[in-house]
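Trainee: So the chains spell out like this:
Number of protein chains: 2
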Amino acid sequence: MIGIFDSGVGGMTVARAIEHICPDYPLIYFGDIARTPYGSKSRETIIEYSRRNTDLLINHGATVIVIACNSAASTATDALRNQYPLPVIDVITPATVKAASVTRGNRVGIIGTRATVRSGVYEDRIQAINPDCRVISRACPLLVPLVEENWLNRRETKMILRRYLHPLRLQQIDTLVLGCTHYPLLSKLIQPRIGKRVQLIDSSIEVAMHLKKFIDNNADIKDKLQQHPAASRFLVSDSTGPVRQLADRIFGRTIHLEKVDA
Amino acid sequence: MIGIFDSGVGGMTVARAIEHICPDYPLIYFGDIARTPYGSKSRETIIEYSRRNTDLLINHGATVIVIACNSAASTATDALRNQYPLPVIDVITPATVKAASVTRGNRVGIIGTRATVRSGVYEDRIQAINPDCRVISRACPLLVPLVEENWLNRRETKMILRRYLHPLRLQQIDTLVLGCTHYPLLSKLIQPRIGKRVQLIDSSIEVAMHLKKFIDNNADIKDKLQQHPAASRFLVSDSTGPVRQLADRIFGRTIHLEKVDA
Numbered sequence: 001m002i003g004i005f006d007s008g009v010g011g012m013t014v015a016r017a018i019e020h021i022c023p024d025y026p027l028i029y030f031g032d033i034a035r036t037p038y039g040s041k042s043r044e045t046i047i048e049y050s051r052r053n054t055d056l057l058i059n060h061g062a063t064v065i066v067i068a069c070n071s072a073a074s075t076a077t078d079a080l081r082n083q084y085p086l087p088v089i090d091v092i093t094p095a096t097v098k099a100a101s102v103t104r105g106n107r108v109g110i111i112g113t114r115a116t117v118r119s120g121v122y123e124d125r126i127q128a129i130n131p132d133c134r135v136i137s138r139a140c141p142l143l144v145p146l147v148e149e150n151w152l153n154r155r156e157t158k159m160i161l162r163r164y165l166h167p168l169r170l171q172q173i174d175t176l177v178l179g180c181t182h183y184p185l186l187s188k189l190i191q192p193r194i195g196k197r198v199q200l201i202d203s204s205i206e207v208a209m210h211l212k213k214f215i216d217n218n219a220d221i222k223d224k225l226q227q228h229p230a231a232s233r234f235l236v237s238d239s240t241g242p243v244r245q246l247a248d249r250i251f252g253r254t255i256h257l258e259k260v261d262a
Numbered sequence: 001m002i003g004i005f006d007s008g009v010g011g012m013t014v015a016r017a018i019e020h021i022c023p024d025y026p027l028i029y030f031g032d033i034a035r036t037p038y039g040s041k042s043r044e045t046i047i048e049y050s051r052r053n054t055d056l057l058i059n060h061g062a063t064v065i066v067i068a069c070n071s072a073a074s075t076a077t078d079a080l081r082n083q084y085p086l087p088v089i090d091v092i093t094p095a096t097v098k099a100a101s102v103t104r105g106n107r108v109g110i111i112g113t114r115a116t117v118r119s120g121v122y123e124d125r126i127q128a129i130n131p132d133c134r135v136i137s138r139a140c141p142l143l144v145p146l147v148e149e150n151w152l153n154r155r156e157t158k159m160i161l162r163r164y165l166h167p168l169r170l171q172q173i174d175t176l177v178l179g180c181t182h183y184p185l186l187s188k189l190i191q192p193r194i195g196k197r198v199q200l201i202d203s204s205i206e207v208a209m210h211l212k213k214f215i216d217n218n219a220d221i222k223d224k225l226q227q228h229p230a231a232s233r234f235l236v237s238d239s240t241g242p243v244r245q246l247a248d249r250i251f252g253r254t255i256h257l258e259k260v261d262a
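In order, the protein sequences belong to chains G and R.
Position 28 of the first sequence, counted from 1, bears residue number 28 in the working numbering, the numbering being contiguous throughout.
Position 169 of the second sequence, counted from 1, bears residue number 169 in the working numbering, the numbering being contiguous throughout.
Looking at chain G on its own, in the form it has when it is part of the complex (with noise of 0.2 Å):
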C-alpha cells in the first residue's frame, strides 16, 4: 500500500490528489490528529513522531512512505530515509523542482508554517537547482486554524491572507509555492491577492504526479503495490466532529476514519 502521513488532516489533500493521479494502488494514511501541529513542535520532536508515524504505516501494509507534513517533510526526511529500508518521498522536493523550472523571473515566493519556513528547505532545494532564483518565504500561522474553522469566505480571512502576502507582491514573485497541506483549500482566495499573473504551485499535485511516476519507473515497488490489494484506509490517532467534517470536506465524500492507538 501507498503510506502517507501528516500531522493532522491536511495531508488528505495529498492523499486526495494520490488518488486520483494513481488510482491503480491502495491507500493506507495516518493523521496524527492526537499531536497535531507539528509546524510549531522542535526538530527533536518532529522527528520522533515521523518514525513512529513510519513504523505504524509500515506495520499496515505500507511499501513506499509519503511524508504529507510539511513540517515533517522539511525536518524528518533525511532521517527516515537513513532508517528505513523502503522508499521515502516527500511532499517538498516536488514542489520545488517545479517552481525552479516554471519560474520566468526568477523569483518564488514561499508560504507555510513556522516550522517549514524556519528550515529553509524549500529556499535550499530551489537554489540547488536554480541558483539565479530569489526565494522569499513568508510564515502564516494562522491560515491552518482559519481553514479548520471553515472561514473559507470570511472577511477576516481575506484581510488576514492580503496582510500575509503583501511582503511577496512587493518582492515581485511570479511563482507562489503553497507549502502547506491546508493552504490548498485557500487556493481560490490566495490567487486574486498574490495576482493573477503569479503561478500558484500546489505541493499535494506535484507530489502525486512525482510518485506516478516513481511507480511506473519501478517495476519492484509496481509489484509491491500489485501484490495485496486492499481498500484504502484512514487511520487517526484522536478523531472529533471537526476533523471528520473537514476529511469529508476535502474528499468530497463520506470517509471512515479509524481511530489508532499511536
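Since no wrong hints were added, every one of them can be taken at face value.
One copy or two, either will do: identical chains are not told apart, so a pair holds if it fits within one copy or between any two.
Below, computed lysine-lysine pairings styled on DSBU-like, alpha-carbon distance capped at 35 Å:
1) K222 / K212
2) K259 / K212
3) K188 / K213
4) K213 / K224
Worth flagging that the hints you see were computed from the coordinates, not collected in a lab.
Position chain R relative to chain G; hints supplied.
Mentor: For chain R alone, coordinates are given in the frame of chain G:
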C-alpha cells in the same frame, strides 16, 4: 510545591496569578507544548495526557495540583480526583462561583475553546449554584493562535473578536467568563467590544484566590508546602522561540523553561 499543568504556555497566566496571590510557596509548572492544544482533542486523549502530567508533577514534588488548562479541567478533573490522593483544584470552578454570584441580570456569557464549550461544564456549574441563570457559550478557536502570533493590536484580531462576541451582545449578557488561559491577554480588547457594563471574570485570578483560601484553611497542606522550600520551576515537553517569547511576555520577565521528556 504547588503543581500546575496546562496543555501549553497559556496556563502561565494562572501560574503568574498564583505567584502574585500565594507568594510564599514555590511552583512547579508543566506545559505540554509537544501535545498542545488539548482543545481540539477527544475526551479520552485529554484524560490520558492529564494523568501523565499529574504523575510528572508529583514526581517533581507537587503536593497540590492545579489544572490550569480549561480543556483538561472540563474533561479530566473527576478522573484525577478519583485516582490521586492529593487535592486537585481546577481552573473552572472558582470562575463559575464568581460568575454566579456577581451576575445582576442572571445572564452570563462564556468564551473558550471548542472542547471547553462542548463539555458544557461552565453552564452546568453556574446553573447548579444559580438555577435561574441563563448561560450563553461561544467557542472561539482562533483566539489562541492570534495571541500566540502576538497580534494583540491588529485590526483582524479586533474584527474576529467582534464577530465572536456579537451573539453574546445580542443576548445582553452582564457577566463574561474568560474560559481559556490565553484570554486574559486579550481582556483589554474584549472589554470595549462586549460593552463597558459587562463584568469580565478572569479565571486565572479566581483560581489563585481560591487556592490561597484553600491553603489557609488546610494546615496540613500548608505544612507540606512549607516543608521543602525550593525555587519555582517551569517544565515543558517542548520548547521553541515563540513559546519562550510568550512565557516571557506573560510574566514580564525572562522565564527559564526546562525541557523534559514526557
